[in-house]
Amino acid sequence: MKKKIFITSILLGLIGTTLIGYFITGCSSRQEDKSEPSSQVTDDSLKTRDEFLSQLMQEKENEKRSVSVITSQDKPDGVLNGESVSSVRSIAGEPYTTGPQSRESDLSNRRRGHDYSGMGITSDSTAERSRRTSSLAPIRKIQAGLAGQIYPVPQGQIPAELLNVSADEIWVIAKAETGGIVTDEDTPGSGAMLAKLPEEEKEIPLPLKHTDVKGQISGYIATVEVTQQFSNPYNEKIDAVYVFPLPQNAAVNEFIMIIGERKIRGIIRERQEAERIYREARNQGYVASLLTQERPNIFTQKVANIEPNKQIDVNIKYFNTLAYVDGWYEFVFPMVVGPRFNPAGYTDGVGAVAHGKTGISGQKTEVQYLKPGQRSGHDISLAVDIDAGLVIEDITCPSHVINNSTITPERRTVKLSSLDSIPNKDFVLRYKVAGKTVKSALVTHSDNRGGFFTLMLYPPENLSYLKRSPMEMIFVLDCSGSMHGKPIEKAKDAITRALKQLQPNDTFQVIRFSNNASQLGPNPLPATPENIRKGLKYVESLEGSGGTMMIEGIRAALDFPHDPERFRLVSFMTDGYIGNESEILAEIHNRLGASRIFSFGVGSSVNRYLLDRMAKLGKGAVAYIGLDESAVETIDLFYERISHPALADVAIDWGNLKVADVYPGRIPDLFVGRPVILTGRFEGKRNTTIRVTGKVGNLDQEIVIPVNLRDSGDTHTGIACVWARKKIETLANQAVYDNNSDITEQIKQVALEYGLMSSYTAFVAVDSSRQTAGEHGTTVPVPVPVPYGVRYDTTIQD
Amino acid sequence: MRTIMVIILISICLIVPVLAQQSDQYETAVRQKVRFAPLHIYLDTGNQALAAYQFELKATAGQVKIVGIENGEHPAFNEPPYYDPAALANDRIIIAAFSTDKNLPKGRTRITSIQLQIIGDADPEYEADLTVAADANGNEIPAKITLEKGEQK
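So the sequences go chain by chain: A and B. Count the first sequence with numbering that gives the first Met the number 0 and you get residues 0 to 797, in order. Count the second sequence with numbering that gives the first Met the number 0 and you get residues 0 to 152, in order.
I should point out that these hints are in silico values taken from the structure, not numbers from a laboratory. Backbone N, C-alpha and C define an ideal beta-carbon position, used for all residues, glycine too. Among the hints, a few may not be true.
Stretches of chain B that chain A covers, calculated by requiring three or more beta carbons in the stretch to come under 8 Å of a beta carbon on chain A [claimed, not checked]: (1) 56-68; (2) 73-87; (3) 109-119; (4) 123-136.
With a straight-line cut-off of 16 Å between C-alpha atoms, the simulated EDC-like cross-links for lysine to aspartate or glutamate are [what the hints assert, rightly or not]: (5) A/Lys316 x B/Asp120; (6) A/Lys262 x B/Glu78; (7) A/Lys618 x A/Asp668; (8) B/Lys105 x B/Asp134; (9) A/Lys262 x B/Asp134; (10) A/Lys431 x A/Asp492; (11) A/Lys747 x A/Asp386; (12) B/Lys32 x A/Asp668; (13) A/Lys213 x A/Asp386.
With the C-beta cut set under 10 Å, the calculated list includes, among others, these residues of chain B facing chain A [to be verified]: (14) Glu139; (15) Ile144; (16) Gly149.
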């Protein structure tokens, strides 16, 4: 018996050793493919070292001493990986430079003091720097306290906090003593932090130095160019990784990598192929960049082999249609990805971790956040030219300080004030054009692919004279940790206002969710004064903490029986900070029934992709309440909208226009103050009249839109991209509840044909003219501030 | 029976690491065959000023992938030219650019450099077909297109 046990133990030991051996040798290359920091360290040694370091840190912390520990794994520093080429001579003997180091250096030096935007915005002028420096003075004091004593480390090395733990070098700088340091917990991310090189006592910015945004609005279509300036302040090569947001309906169709005066246009490829190309180029020491889409509103930018003191810019261009809400056009530029909650067992989400904690979330995409009181050197400049085509009556920016100048009554230029250049909240710009109502209008574009159009369909004016039927109002409040503080107070203000506006024949329910869901009562209550008081008291008692199990809230809100006498309207009040969007959207699709969903995004940098899709799937509408905006005003507008019936059963007679591929396929109900944008393809050049019909109760309504296709005034080159983007969005929505693998292929095909970003396509650009010396750079993720008003301690995995 | 089990297990223990190592070596070998190099495109319009052009490029030998399109050397063409993504899907690329600058290039000028990924040891060959070159008035002008490999030997 003992012999048997002995033999079995030996065999099990052998199998175990073999499997470990297999994973080390066989999977190492695949592992490298998946995690960009191509560590030469095996998992085993890494674990051991991690354990050692963790133990050491714990000991040192216990001793209340600051210490720095440096471990490094030598790599052939300075050894050329292949031939290093600084210039190329053409075969014909005509010399020209393809990017010599010296020229890049000169250019990047010049660029530092250059009026980068060409619009009068000096990105880093002396005056600006001086102003910034003086404004940072008090913050430096905080930083000094936070940093504690920093022990000498090799000059120019990359601080450990910025590195992936599996990178070639690991630095651990022990936690500094923070006694006596006061951080403003209510305004996280508003401080300043700059990495320091201890010997030089010099502030060093992180790899992402600056973002410049230039928008041009023509009618209701925006063309936006975003330039991200990456630089390497260290004395070894780096690969920068930056996870950033763009509008959820952005049709990204251009990508240019800029190295000094050289501009290399990126190529759209299937995502896996682009990733392979980038990896090969990176591993061979070429400067390369890769743009991938993680969500329709979250992107990852990677720039490989940025040499010390060099700058590489990446220029991204996109089109998007503006929202038109209650008489105002709205241009939004998101600046930071909000921290997402991912349910247990979910790995396809977006992790939110403290900076330097790469990989701890276990999610496919991960955003690193700066701690309260810290700030990267990254700032943002933004300018928008508006050509409304009609007189602009009013303009407002509830989120930022702006300077705006009038060029003509129809044209304005808006610039973000340099005093408000911290990228920690959405930039929201609204403008109102002259006239009581805006008429429905068709915008077209024709090229060798055919004709494309967008039609902004406004509800008929006379809807506002009709009254609504009784409602069953369900308020669903996100009480998770990310809502703690200002966001939940705003949301509670909104529900309080809404409860007070209920009519006697309405019913209501209040549901809260965080880790689970609970509600005011088992069934909707009649809107009697007593019940409303009860509801108000319940809302007042709610607080934000815990996870965001939104799926519980969805089920609680949509699962109980529908009262056929009333129009059920479900209002979600949330920041949408979740990583499992597709699960939520699938749940809404499956359970919607007769309900309509109105989603309210509450916060400074909400997940607009989720909230927009919830409203679209829920056949309702979306509204956003900024932290510095009035919740009461937003709710009043909402009530104004729902106090009139919507135009339902909408159908379109296109007249002589031969149209195809119109999106959305099913035209949603038209609510007062809420137009719907349709986009499609057309043939023909004749004038015609489009007739839109629908029903309000039993009454027939008609909207007439005259179309003159020969009128070149209503054209826009971005229409084809807008159409293709809308088609991709429609297919992606379908994929949420339809497992047909053909949908993926269709999305890929459209994206490749129109050169657009999607989940399955990516832009890659390689500078093949020159190999940088040595192996690929060390991966440095770019940490970002938590959004304004969001608490770090309740949202970030540290 | 026990002996057979032991033999099988020992065999697995020996074979799996060898296979894994071979697989790794194979991947490394494949990786080594990939290289990157630019291809420079020149246009010679003689005394005529070049304001716009379009050409089609394809590889007639070797396996290549286009991984970037660089701007031209003349300031009038300092933006990288556009490409037709639909054509790219068919193993060729159609590239076009125009300039509204007053100062336009004449004679021989590098209009773009195509950044390439070359797969395999074969030396690729390319074919460029100039569709059109035009002056500032949109009139077609005679021009000669030439290619120069920028790969390091």
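To see whether the hints hold, each was checked on the structure:
1. Under the rule that three or more residues need a Cβ within less than 8 Å of chain A, the assignment of the region 56-68 of chain B holds, with 5 such residues.
2. Judged by the Cβ-Cβ criterion of 8 Å, the region 73-87 of chain B is covered by chain A as claimed, because 9 of its residues qualify and three suffice.
3. Residues of the region 109-119 of chain B with a Cβ under 8 Å from some Cβ of chain A number 5, which satisfies the need for three, so the listed coverage holds.
4. With a threshold of 8 Å between beta carbons, the proposed coverage of the region 123-136 of chain B by chain A is violated, since 0 of its residues qualify and at least three are required.
5. With a C-alpha separation of about 37 Å, the suggested pair A/Lys316 and B/Asp120 falls outside the 16 Å cut-off, and the hint is violated.
6. Restraint check for A/Lys262 and B/Glu78: the C-alpha separation of about 7 Å stays at or below 16 Å, so the hint holds.
7. Taken as a hint, the A/Lys618 and A/Asp668 pair is honoured in the structure, with Cα atoms around 7 Å apart against an allowance of 16 Å.
8. As the CA atoms of B/Lys105 and B/Asp134 are separated by approximately 10 Å, the hinted pair is consistent with the 16 Å bound.
9. Straight-line distance between C-alpha atoms of A/Lys262 and B/Asp134 comes to about 24 Å, which puts the hinted pair past the 16 Å bound.
10. Proposed proximity of A/Lys431 and A/Asp492 is contradicted: the alpha carbons are some 26 Å apart, above 16 Å.
11. The suggested pairing of A/Lys747 with A/Asp386 is violated, with an alpha-carbon distance near 34 Å, which exceeds 16 Å.
12. With a CA separation close to 57 Å, the supplied pair B/Lys32 and A/Asp668 exceeds the 16 Å bound.
13. Taking the CA atoms of A/Lys213 and A/Asp386, the gap is about 14 Å. The hint holds against a cut of 16 Å.
14. Interface restraint check for B/Glu139: the shortest CB-CB distance to chain A comes to about 18 Å, outside 10 Å, so the restraint is violated.
15. Evaluation of the B/Ile144 hint against chain A yields a violated restraint, the C-beta minimum of about 14 Å exceeding 10 Å.
16. Because the smallest distance between the Cβ of B/Gly149 and any Cβ of chain A comes to about 5 Å, under 10 Å, the interface hint for this residue holds.
Hint check: violations occur at hints 4, 5, 9, 10, 11, 12, 14 and 15; the rest are consistent with the structure.
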